[in-house]
Amino acid sequence: MGKKADIRRLADNEAAASLRAVRISPRKLNLVAESIRGKKAETALAELTFSNKRISNDVKKLLESAIANAENNHQLDVDRLYVKEATVGKAFVMKRWRARARGRVGKIIKPFSNIRIVVCEREGAE
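In terms of our numbering, the sequence shown is residues 913 to 1038.
By construction, these hints were calculated from the structure, which means they are not laboratory data. Hints are not guaranteed to be accurate.
Restraint ranges, calculated between C-beta atoms of paired labels, are given here [said to hold, decoys possible]:
(1) Trp1009 - Arg1034: 44 to 52 Å
(2) Lys973 - Arg920: 20 to 28 Å
(3) Arg920 - Ala1013: 53 to 61 Å
(4) Val1017 - Ala923: 49 to 57 Å
(5) Ser947 - Arg920: 35 to 43 Å
(6) Arg1014 - Arg920: 55 to 63 Å
When the alpha-carbon atoms are kept at most 20 Å apart in a straight line, the in silico SDA-like pairs for lysine to any residue are as follows [claimed, not checked]:
(7) Lys972 - Ile936
(8) Lys1007 - Lys1022
(9) Lys972 - Lys1007
(10) Lys952 - Gly1036
(11) Lys973 - Glu946
Where a beta carbon is used, it is the ideal one built from N, C-alpha and C, also for glycine.
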């Protein structure tokens, strides 16, 4: 009586993980995402480990999750994985204000972001 299984949107040699409502602007998060796009999973993890950006720890956890999904759910070879996609999107914005001089208001915006990482298994031995 349940509903039918949803069709898989990724190829058989791909696995994904996503993180929603991360408290950072999409512009800043995209700087970290750009640094790992197209790289081998092992290299990308090393780069995130030694990155100075605050958000790189969260992105590293997400990449580790995508690698674990590939290994455990899709039986992909971890040594041949690379980062196929690292997409960043805008989630929502919390708007706050602060009192300023002469009865005016200073606007404070607190943006949130979403990030999705897709890892793919390379064909053939390299």
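Going through the numbered hints above, which ones does this structure break? Give me the numbers in ascending order. Hints 5 and 9 contradicted; others consistent.
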